[in-house]
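Here the protein sequences line up with chains D, H, S and F, keeping their order.
Counting along the first sequence from 1, when you hit position 202 you're at 201 in numbering that gives the first Met the number 0, and nothing is skipped either side.
Counting along the second sequence from 1, when you hit position 153 you're at 152 in numbering that gives the first Met the number 0, and nothing is skipped either side.
Counting along the third sequence from 1, when you hit position 378 you're at 377 in numbering that gives the first Met the number 0, and nothing is skipped either side.
Counting along the fourth sequence from 1, when you hit position 208 you're at 207 in numbering that gives the first Met the number 0, and nothing is skipped either side.
Read the hints as simulated data drawn from the structure, not as lab findings.
Here the structure is a predicted model, which is why all the values come from computation and not from measurement.
Any given hint could be a false lead.
Unchecked claim - For lysine-lysine, the following BS3-like pairs were computed, each having C-alpha atoms within a straight-line distance of at most 30 Å:
no.	chain 1	residue 1	chain 2	residue 2
1	S	K199	F	K196
2	S	K199	F	K346
3	F	K404	S	K199
4	S	K199	F	K47
5	F	K199	F	K395
6	S	K199	F	K137
7	F	K368	S	K199
8	F	K346	F	K368
What the hints assert, rightly or not - Here's a subset of chain S near chain F, in silico, CB distances under 7 Å, partners left out:
no.	residue
9	I180
10	T192
11	V285
Claimed, not checked - One-sided excerpt, in silico: chain S residues whose CB lies under 10 Å from chain H:
no.	residue
12	R30
13	L156
14	R160
15	G164
16	Y166
17	A176
18	V296
19	V302
20	Y340
21	L344
22	F346
23	L363
Ideal Cβ placement from N, Cα and C applies to all residues, glycine included.
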Amino acid sequence: MSERTERSEGRERMPDRHGTSGERLDGLSVRDVRVSFDGFTAVDGVSLEVPAGDIRFLIGPNGAGKTTLVDAITGLVRATGSVRFGAEELLGRPVHRISRLGIGRTFQTSTVFEELSVLQNLDIAAGARRSWATLARRRRGVPDEVAAALETIGLAGRAGHLAGTLAHGQKQWLEIGMLLVQDARLLLLDEPVAGMSHEERDATGALLETVSRDRTVVVIEHDMDFLRRFARSVTVLHAGRVLSEGTVAQVQADPRVQEVYLGHPVDAGSARTGREA
Amino acid sequence: MTVLFGQLFTGISIGAVLLLIALGLALTFGQMNVINMAHGEFIMAGAYTTYVLQQSITGAGLSLVVALPVAFVVAGAMGVLLEVLLIRRLYARPLDTLLVTWGVSLMLQQLARDVFGSPNVQTRAPELLTGNVALPGGLTIANNRLFILALALAAVAALTLALRLTPLGRRIRAVVQNRDLAAVSGIATSRVDRTTFFLGSGLAGVAGVALTLLGPIGPTMGTNLIIDAFLVVVVGGIGQLKGSVMVAFALGVLQATGEYLTTLSVAKVIVFVAIVAFLQWRPQGLFTLRTRSLA
Amino acid sequence: MTAVTPAPPSTAVAPAPAGAAPPNPPGRRSRLRTAAGFAFGAALLFAVAPLVLSDFRLALLAKYLCVAMVAVGIGIAWGRGGMLTLGQGVFFGLGGYAMAMHLKLADAGPGGMPDFMQLYGQLDELPLWWRPFASPWFALPATVLLPMAVAFGLGSLVFRRRVRGAYFAILSQALAAAMVILLIGQQGTTGGTNGLTDIKGFFGYDLDDPVNQRMVYFIIAGTLLALLALTRQLIHSRYGELLVAVRDGEERVRFLGYDPASVKLVAYVVAAGMAGLAGALFVPAVGIISPALIGIVPSIEFVIGVAVGGRATLLGPVLGAVAVAWARTALSERFPGTWTYLQGLLFVVVVAFLPGGLASLWALARRRDVGARPVRRGWLPAARRRAERTEVPAA
Amino acid sequence: MSLFRGRRILAGAMTVVAAAAMTACGSKTTDEGGATGVSADVSGDTVKVGLLNSLSGTMAISEVTVRDAIMLAVEEINAAGGVLGKKIQPVGEDGASDWPTFAEKAEKLISEDRVAAVFGCWTSASRKAVKPVFEKNKALLFYPVQYEGLEQSPYIFYTGATTNQQIVPGLDYLKAQGAKSVYLVGSDYVFPRTANKIIKAYATANGMAVLGEDYAPLGSTEFGTIVNKVKSSGADAVFNTLNGDSNVAFFKEYKSAGLTAAAMPVVSVSIAEEEVKSIGTQYLEGQLTAWNYYQTTPGAANSKFVAAYKAKYGADKPTSDPMEAAYVGVHLWKAMVEKAGAFDVEKVRSASDGITFDAPEGLVTVDGKTQHIAKTARIGKIGADGLITEVWNSGKPVAPDPYLKTYPWASGLS
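All chains should be modelled from the sequences, with the hints used to inform the complete structure.
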């Protein structure tokens, strides 16, 4: 306990930007992952490698298993196969343990704590390793990594506002900010720009590029324009399997992708309500 | 051996009672997420309906037959009134429905006391239902228990068919599964809510009629039943009739076995412990609608 | 992270660091208000109440304040942590029985047995599990630790399996029912339905003496204020913020690397401890503890007080509990025939139409700053609404 | 900073106050005569009495009718000029079927309303809860219900039967009818468990076999298993100490199982006319009860009581033993006060011995030593009309013996 206390207290004083510089950069390795619900196989033997520092986009039509795959990686649903981040096997661990290995995710609907302020949101995200003794005390001042994240996501001016009063885009950024202070080294973002304006999309893209300097990023996204501008690599899922993988250009040129995917160009809209959503 | 078969049937008949009182809740709680503590008082309303009808219809058999649909409508109407006046405002906060309806149940109990008097009232059962069927080996099966078992199963069957086959049932299921989508698809969700609540409360009324064959008819009769009914639905799994059915009979047989081997008090505790243990194993109940949702 | 250490109360008076004014934690004015509030409360409880109330009414107030202590705990577990616990009577009862067992043994004198055991149990000697309670060094800590231990046991099972919302509420209710049946069944050693009654002394002081009754009142009032101070610290600590986060988005907190089960467990255990303490102090104040105080109905009544007062505020539960208990007494004295209508109506109107409780009237009247919570219209945040509606997450 | 110090000082001050309160001259338990009673307020031309019954909650079923009977007695006495020239002013409180509430209301009646006596309580638990309150304040309670005995409080008058006036006669009757074995069924609380202990001791001494003993949680309405066990036991009779709602469910189950009063009679000690009415004669005809009073009990006093009760509350309202005992209690109190010539509790108590009253149940006499009353035991059979007719009585009033000291077989019980 005392050792932990020191570490966490020490972390708060660390001058580094997000408290992550200097730590190693890991890649994600998914091998033959399968998820089934009551006989329905949502993810059917997916294997993919995301190298360290990549911005990987996961695309695919509705029901392709994108979100379920992320659920499996983060421990929300049970899966077979193997998921490694760096040297650590993730499958079989509880959600919060996986999170503590440096895996962070966002959700399609923003899930910030609306009744808490922006600052409190970030402070909570930063504190998973805090000791109970620290938790029992009040927060005095702003931890450095929280201050840095506030800058990065551009919400420094709204630190004291209730998260529930933020605009939609700002909530998404706050979520990304929470991943930053959480010390996530792998960011799994589920439709981060859905419902955003053009300006907000650009800002989000820029944010992703900043973030990916010392992190690995996986994005589920339907927005093709956003994908073309910011993806470094793309994996296409279809019916629970990997259909195609490569750079944006390679994937776009793949006839199989055109067949199953481009035939359904307006997926993004209907995705909000279906099971996959 | 006779005793064992007798106990098995006792267990099944306890299960039938549990099922009957829980069936309405499986709709209002299971499908709508409303924790209606006044459900017990709707059962009471059904029982008092039988009593009132017997004041004018003298034939015990006839009055029972008439009471079933009348109690369904009476309790259902009370349910609709409750839905319109209060519960409609509370769909966003299901746990608060528990507190509000508890207040309502207090008032309904007092109302029963003022209208019908504090003491229990009596109803006459048709002679046929106070007898029993003798089986070989000295085993007897009480007719009223058989009647309740049949009634419970008929209610389940009717409800299942109604949900599966009628347009109303489809609408109810659509609203349960995705309220917003149902609304944009042109379903008047508030009317569906009201109808569901009518059905659920009406079933409580039917249960009340049946219970006059077994137990007391008085202002506090509902409070004794409500927790058992909720446990059945919780353990059965929300949104699933078949869960409630299986759990009602399982708990009935467990209780009867416990009662036989130990005492009634210990059996009750055994049932509670079993339920806690079961929820450890399946926190969402026996059957669950698997959905992917956050938080 | 999984270790469970409740907030040490000593930190309640830790000095604020100079400089670095954080945007959120209570500032000077709020601290002034708090100090003034505590002073006002203390003056009311310690000076005004004993002066204006008759012995009988003061004893009633003592009883209400015990209920208020339970309410403070429920405020933490339910208002802040989202766990609607309908079984607080169990913890209240454990504390009460532990205290009553000790006092009965003390009344009986060394080597003596409580009167009812000979009458109903025909026991020749004290049952084994009663014996430790002869010592105040065991019995007094047990009044708090026993409920906390039970809450810990149950909570660690239940929260880890993510039983929550209505499931948790109904399960805790079943617990209360089971506890009552168990107590009644063991009449020879627990007093059955009668419970433990006719308690004459409190650590050597004669409870029939009005002066001593007043002393009990002061102890209760002091304990309540101390619990409020502790709760205030808890709410404003990082843990308090985390608890609200768990309430509004348990899964999200899990993805941040916390174990929400432990977070909830702490609040649940603290609430149980408070209920136990309240039960223990209820015994000398009222002179009885019985299964009737433990079951489903009293457990719901505890919660109703909290709902009426304002579940997520610090003082709401206290005021609500006292108001409901007082209304119960006053209404039943004034309208013995019809008071249940009025009581039911009170619950319905407040919970349905004033979800923030009576405290929200106060807050509406004078818009408070951001730190405080349930002020806005709609009151329940969207995330919470989702959390309550969606009872079935994929396991 | 200074504010925090301020709070610390405040906390200190609170501690001091509390400590001062603790040491402030309260009497220790070892001191003699610490508390003194509150005397009744009899200054005006009325005297207040307290009525403490459950008007809400599960016990309201039974207790409301007791309240009615008390009110009838109060009105009769007032119409006849009151007590010592003062009209009785009843102060009613609702015990709400909750024992601590009973204690609270008792305290209120005594110390706020300063009543001269309190009439009420039904369950043993409520009596146990208020007993310390009456003893502390040296105030009087008249308790109207048959109970499990083993109690003798100087501040309670027990106007219902104790065990030797109800249970023992019931057993005597069964024995005389040739019953060789009994099955015991009761609710899970103090009265049935104590009663069954007495029954078992009696059975052992009288060569009767007890074939089984089952308890149902209070309010339980599921009797399939118990009736199953009773039936397969083949006992000659059932002794029933179930309470309230459970009786309804038990008798419905009993009949459905094909058990009859002729083949296996049930002797009940908690089923009076009111309960018969709520269960239905369909299920009860021919079953036995043990009480001291029935609506059909002969005598002018009873005819008058029944007529007055029906005139006031309705022709369809039956009278029953607890109601009668409550009614008698008020009249006995009046007689005691008038004999003592004062409302003072101690004077009333010392005047109580030997007071008689021509009650609906027959002549009753107060035993000053135990503060119980001598009553005639009566076994009745439930008829098709819902009334209970006497099939046996003890011939003369049975002297109360709450600790069963005069029964050798009961020596191990208390």
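Can you give the numbers of the hints that this structure goes against, from lowest to highest? 12, 23
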